[in-house]
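Undergrad: Per the UniProt record's numbering, residue 1 is the first one in the sequence shown, and the count goes up by one each step.
No lab work stands behind these hints, which were simulated from the structure alone. Where a beta carbon is used, it is the ideal one built from N, C-alpha and C, also for glycine. Heads up, a few of these hints could be off.
[What the hints assert, rightly or not] Taking lysine-lysine and the BS3-like style, the derived pairs with C-alpha atoms no more than 27 angstroms apart in a straight line are:
| id | residue 1 | residue 2 |
| --- | --- | --- |
| 1 | Lys100 | Lys90 |
| 2 | Lys86 | Lys76 |
| 3 | Lys147 | Lys134 |
| 4 | Lys76 | Lys90 |
| 5 | Lys134 | Lys146 |
| 6 | Lys134 | Lys120 |
| 7 | Lys86 | Lys109 |
[Stated by the list, open to error] Here are the simulated distance ranges between beta carbons:
| id | residue 1 | residue 2 | range |
| --- | --- | --- | --- |
| 8 | Lys86 | Ile118 | 56 to 64 angstroms |
| 9 | Gln51 | Glu17 | 45 to 53 angstroms |
| 10 | Glu94 | Asp73 | 26 to 34 angstroms |
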Amino acid sequence: MEKLLEQILNKLSSMEENQNQLQTQLTSIQSQVNDIQAKVRNIQAEMCNIQTEMRDMQAEMRSLQTEVSSLKDGQKLLHADITEIKMVQKEHSELLLSLKDQLNELDAKNATNHTLTIEKIDVLSNDLDFLTHKEIQTEKEVYTIKKKLQIIK
1 MEKLLEQILN
11 KLSSMEENQN
21 QLQTQLTSIQ
31 SQVNDIQAKV
41 RNIQAEMCNI
51 QTEMRDMQAE
61 MRSLQTEVSS
71 LKDGQKLLHA
81 DITEIKMVQK
91 EHSELLLSLK
101 DQLNELDAKN
111 ATNHTLTIEK
121 IDVLSNDLDF
131 LTHKEIQTEK
141 EVYTIKKKLQ
151 IIK
């Protein structure tokens, strides 16, 4: 019986050691669970931060989309203005060409009129020279006739 008691005692000792080891392991597990819970809380906090950042980014995206839409509208207006400017520029170019053609026609007419005027002035000058010559001749003849008339008197 003593042996049996000794065996029981050994068994109890062994069980007590096992219980102590289990208690140590349980404490270790509890510590690990606490660490995991702390990490989960950190992750949850980070998730909240990420969600807040996502909402902020979505708001910024909406703002950017509004700005892009505004820029597109502005670009359309600029394109319309450029088209209008090109049309006006084309009209001005056509008007300038028309004015140049009219100026060329006027220059040609002016040159022709100038030439005709010079020809007429030349004719008038010749006629004046002739008339002046004739006047001088007539005066000479009148002088000669007067002289003869004085002699006769």
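Undergrad: Please go over all the hints and tell whether each is borne out by the structure.
TA: Results for each hint:
1. At most 27 angstroms may separate the alpha-carbon atoms for a hinted pair to count; Lys100 and Lys90 meet this at roughly 15 angstroms.
2. Under the criterion of a C-alpha separation no larger than 27 angstroms, the hint pairing Lys86 with Lys76 is consistent with the structure, at around 15 angstroms.
3. Distance check on the hinted pair: Lys147 and Lys134 sit about 19 angstroms apart at the alpha-carbon level, within 27 angstroms; holds.
4. Taken as a hint, the Lys76 and Lys90 pair is honoured in the structure, with Cα atoms around 21 angstroms apart against an allowance of 27 angstroms.
5. At roughly 18 angstroms between alpha-carbon atoms, Lys134 and Lys146 fall within 27 angstroms of each other, so this suggested pair holds.
6. For the suggested pair Lys134 and Lys120, the alpha carbons sit about 20 angstroms apart, so the restraint of at most 27 angstroms is met.
7. Proposed proximity of Lys86 and Lys109 is contradicted: the alpha carbons are some 34 angstroms apart, above 27 angstroms.
8. For the pair Lys86 and Ile118, the beta carbons lie near 47 angstroms from each other, so the given range of 56 to 64 angstroms is not met.
9. For the hinted restraint 45 to 53 angstroms between Gln51 and Glu17, the CB-CB distance of approximately 50 angstroms keeps it satisfied.
10. At about 32 angstroms, the beta-carbon gap between Glu94 and Asp73 stays in the expected band of 26 to 34 angstroms.
The structure shown violates the earlier hints numbered 7, 8.
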